[in-house]
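*Asks:* Take these sequences, add in the hints, and give me the full structure.
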Amino acid sequence: MQLDDLIAIAEKHKGSRKKIIVRTCMSAGCMSSQADVIKKNLETEARLQGLEADVEVRRVGCMGFCGQGPLVGVDQNGEHNLWEFVKPEDAPSIISALKGGACRVQRGDPKHPFFAKQMHIVRANGGIVDPERIEDYIAIGGYLALHHALTELQPAQVVEEVTKSGLRGRGDAGFPTGLKWGTVAKSPGAKKYIVCNGDEGDPGAFMDRSVLESDPHIVLEGMAIAAYAVGADQGYLYVRAEYPLAISRLQIAIKQAKQLGLLGAGIFESPFSFNVDIRIGAGAFVCGEETALMASVEGKRGTPRPRPPFPAESGLWGCPTLINNVETFANISAIINRGGDWYAGIGTEKSKGTKVFALTGKIKNNGLIEVPMGIPLRQIVEEMGGGAPDGRSIKSVQTGGPSGGCIPANYLDTPVDYESLTKLGSIMGSGGMVVMDDSTNMVEIAKFYMEFCMEESCGKCIPCRAGTVQMFNLLEKITRRQATARDLAKLEELCDMVKNTSLCGLGQTAPNPVISTLKFFRKEYEELLQPDPFGPAAGGAPLAPERVTK
Amino acid sequence: MKIRLATVWLGGCAGCHMSFLDLDEFLIELAEAVDLVYSPVVDVKDYPENVDLCLIEGAVCNEDNLEILHKIRARTKTLVAFGDCAVTGNVPAMRNQFGIDNAENVLQRAYIESAQNHPAVPKGDGIVPPLLERVRPVHEMVYVEYFLPGCPPSASRIKSLVAQLLSGHAPKLEGEQLKFG
Amino acid sequence: MLPKPSGENGKNAASGLPHSSGDKRFKILELHMKKHQFRQDALIEVLHKAQELFGYLEDDLLLFVATKLKLPPSRVYGVATFYHFFQLKPQGEHACVVCLGTACYVKGADKIIGGIQEKYKIKSGETTADNKLSLLTARCIGACGIAPAVTYDGQVAPKQTPEAALEKIKTWI
Amino acid sequence: MAAKTLTIDGKLISAEEGATVLQTATEAGIKIPTLCHLAGVYDVGACRLCIVEITGVAKLLPACTTKVAEGMEIQTNSERLRKYRRLILELLFAERNHVCAVCVSNGHCELQTLAYSQGMEHVRYDYTFPKWGVDTTHRLFGMDHNRCVLCTRCVRVCWHIEGAGTKNVAGRGGKSKIITDLNQAWGDSVSCTECGKCVMACPTGALFQKGSTVGEMEHDRDKLEFITTAREKKQWVAAD
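One line per chain: the protein sequences are A, B, C and D, in this order. Residue 280 in the numbering used here sits at position 280 of the first sequence; the count goes up by one each step and never skips. Residue 176 in the numbering used here sits at position 176 of the second sequence; the count goes up by one each step and never skips. Residue 29 in the numbering used here sits at position 29 of the third sequence; the count goes up by one each step and never skips. Residue 184 in the numbering used here sits at position 184 of the fourth sequence; the count goes up by one each step and never skips.
Worth flagging that the hints you see were computed from the coordinates, not collected in a lab. Just so you know, not all the hints are guaranteed correct.
[To be verified] List time: in silico SDA-like cross-link candidates among lysine to any residue, alpha-carbon distance up to 20 angstroms:
1) Lys131(D) with Glu455(A)
2) Lys59(D) with Arg307(A)
3) Lys70(C) with Ser191(D)
4) Lys175(D) with Leu136(C)
5) Lys59(D) with Gly505(A)
*Replies:* Given below as structure tokens:
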């Protein structure tokens, strides 16, 4: 494979395109509503209506507007139509509308703020390319970035470009990606590894699933560029077992990339070799923590270990290892193609680029969005999301999953960037954004997250293992209206201890939902507290000295 | 005016009270400083009002225990959990494992499974007070000011704690003074 | 009572012979291990395959894997019980998995579970006495856009209600 | 080896490069509480009792796995650390059923000693009173899960000194449990060599020699360190 071959594939593929493209979303959400049947019916109908020569019914990944799914997009004469809530029996109507007729299906509005306010880098190809055909990806310029890196840039220049972009880890902590790459690149060692963290465990988050299902090659290309930059030749893509569709599409993508020589030995006829193996998680949230994930890749119990040493120095099998998450890798090809400076021009001073969010919960427009960093939260939930349904009002927005916090409605003008969210006691996290309306009981929400952390604690360190149990029990006591002010004090004391002493990020952040709801919704806790008839007596201990005779 | 002292015996083996009696000559000093207003060793039927200090031996096992404990808390300034059963639940709390939150299993175990003759759960008022679902240490039921663990706490440790309290200081158990089991 | 690892099956596995039961699935599992070059770090992959083939991971099966990958049985057991995806007990004929991710939770997934628990008298993680239905929960299946989601025998269904779930389960029983 | 100069609790100390904070403090006569640490096996930093404050580092770090660096300023016994340690111990006591009065290790128990050292005279968190069993199927030894603190010292000596791999942790979170082989009765284990190292390693009365009664079980830790040192330095290996 050389550049000419890549271009030839792209040209040939473009040349064979039909006039009208009917895109059927076949991501997990729409698939649950028979998107596969819809696609088959559309194909049959195109044939029956004699449009076979002009219409390509294409399987595509997530279009984002999951709450309105199943979705079908139509590209015809440079115009784009979107059909919502499509049923299998709607196929004849959609196909006949291609000939100018009316369509009985609900028409989506591509100019709706839900779409208009988005900016696509990571999801640039989602809903456009067929995730199971590498040619589709190549036709829109895929793997050119890898070629450019391999043939025209030194590894250090690749790191430099990523550093310049200001990209920060999209998984959790927001660590500068370029800095991490540079550390791995400089770490001595003949063998190095790349790990892509696709263990998207936050409840209420499905950004990575969507990227992997919709555009697997953008992740593989990002990983390959990273491998070149740091000097690795083996990669592992760790995906949750709960995402079977993502796994099967990745398997297809890896196979196709290998067949074309875009993965494997001597990529683009350079000395650079890179292989990727998939590792399937097995239901352990803690494996999103990088040292736990590495233990799991090694086939062990996914328990974290203290850092330092950091994976960049001593990771998989003791070798320097670069771990980034799916979304981080998905940004790389764009950065290489368009330059770090271009990327750094998007977003805020400290938070560059875009971020994908899963906007869910009590909100009119559910789905996946990609927005520039720094966009006010209000624009996301009110303009794009359309606010709370059923005439209710928004009470709080939860970001960062079980590690994050609940941002109250009066802070909706906060810009969405790493620092601002942290300042509010929440975190950017991987991108889950769950909207709660005024009917939500915040103590119950805190308890929900604490139960999650308790069940997902690996059990290695005591503060997290035993502390989450006690915090959950105290929250139970509070919600059952059996707790006193002394119990609440104990809860707060435990939050502080578990946060500061736990071994890994899971434990260190497990108290966050309690801390943040206590900060903004303390009244809801206090309303549940009971008087303390058996508390300390007035004038109690120690015995008052004036009563002492001796 | 003397300190009004009480001692009570909830679910425990009376070993802590035996240890208390081992205070020997300190008991005489103590008698000068306190009025013993309620105790298993004095004949007072009802727990009096306005008690200054109460040493509570034993865990909270049944409704009778809980009833008097609530009364004690309401009528006493300073409570001391006296001995491991009061502080941790100790041996009495081991019955919790026969059936967590299920006192029936305990009665089965005690009066049926372990019985050699005439297995039957005793019935009738006041014979077996209704058991609590779980045995609990005292401080899980009412607020407790001070703790003196030990099974039993030795006389010297009891003396140290009581002496500190009588001199108006918050007792502090350090080194040898602090011991479980 | 758990079987001893010194049992007949264990010995056969150790000697490199196929599993004594003659069950072809052991052969398939062994081929899968071979594909991974019997690498110890492939343990989780191998357990996935074993569960896919046998439905759950019984002791005999775990022991077979341990011997073939040359791992101490305690290691295999430790890994199999760490990850919630692995089942060590047989499941019912049908599985109803209610997603308990945040989005599903705020949209009433707890009420779906409550409805099923009440009707069939089983708690989450349990199977009905007639072995027809297992009720399970998942920690977010990533279908938040269509919350609340329930997976019926592997098929994800969107925007569920307690009534819809009971209706679906009725067709199984 | 290059020497590093640092201060621990204000005391100026010189340490070898590569040494841990715990080693360095111990050598300087500064006692840091530990539980999962055991001389002779690698450290896991799990119990969090040995956490220390290091100036300029936001997070508290475990002394057992943190390496010394030039100019480090370490606090091992601040009020905050003492409070956290006491809380951790309270959590441990509330987690399982630790009944000192009837325990074989009463008086020789590291957990008990730690509680005394941190002034824990009662546990403020509600006891959970879980139901755990006792395995007395082994000919020589017993395992009482009620007294287990999941420090994994037994697992580590079994894997890394004895090399048998008999013991491991199964399950996760609060449901974690030390198992033998495939979670079978210890007496049925074929991999157990009956070496007794796990019993020597146990900080509490969870692992004990059969026949010991209350307060009789004393664990001999020195032997473990003795064996590993001998192995590492190959002291008794014949030349040929």
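*Asks:* All hints are to be evaluated individually against the structure, with a verdict given for each.
*Replies:* Now the hints, each set against the structure:
Among the hinted pairs, Lys131(D) with Glu455(A) is consistent with the structure: their alpha-carbon atoms are about 18 angstroms apart, no more than 20 angstroms. Only pairs whose Cα atoms come within 20 angstroms are accepted, and Lys59(D) paired with Arg307(A) is accepted, the gap being roughly 11 angstroms. A hinted pair counts as satisfied when its Cα atoms are at most 20 angstroms apart, and Lys70(C) with Ser191(D) qualifies at roughly 13 angstroms. A C-alpha spacing of about 18 angstroms is found between Lys175(D) and Leu136(C), which places the hinted pair at or below 20 angstroms, so the restraint holds.
Under the criterion of a C-alpha separation no larger than 20 angstroms, the hint pairing Lys59(D) with Gly505(A) is consistent with the structure, at around 11 angstroms.
Comparing the model with each earlier hint shows no violations; every hint is respected.
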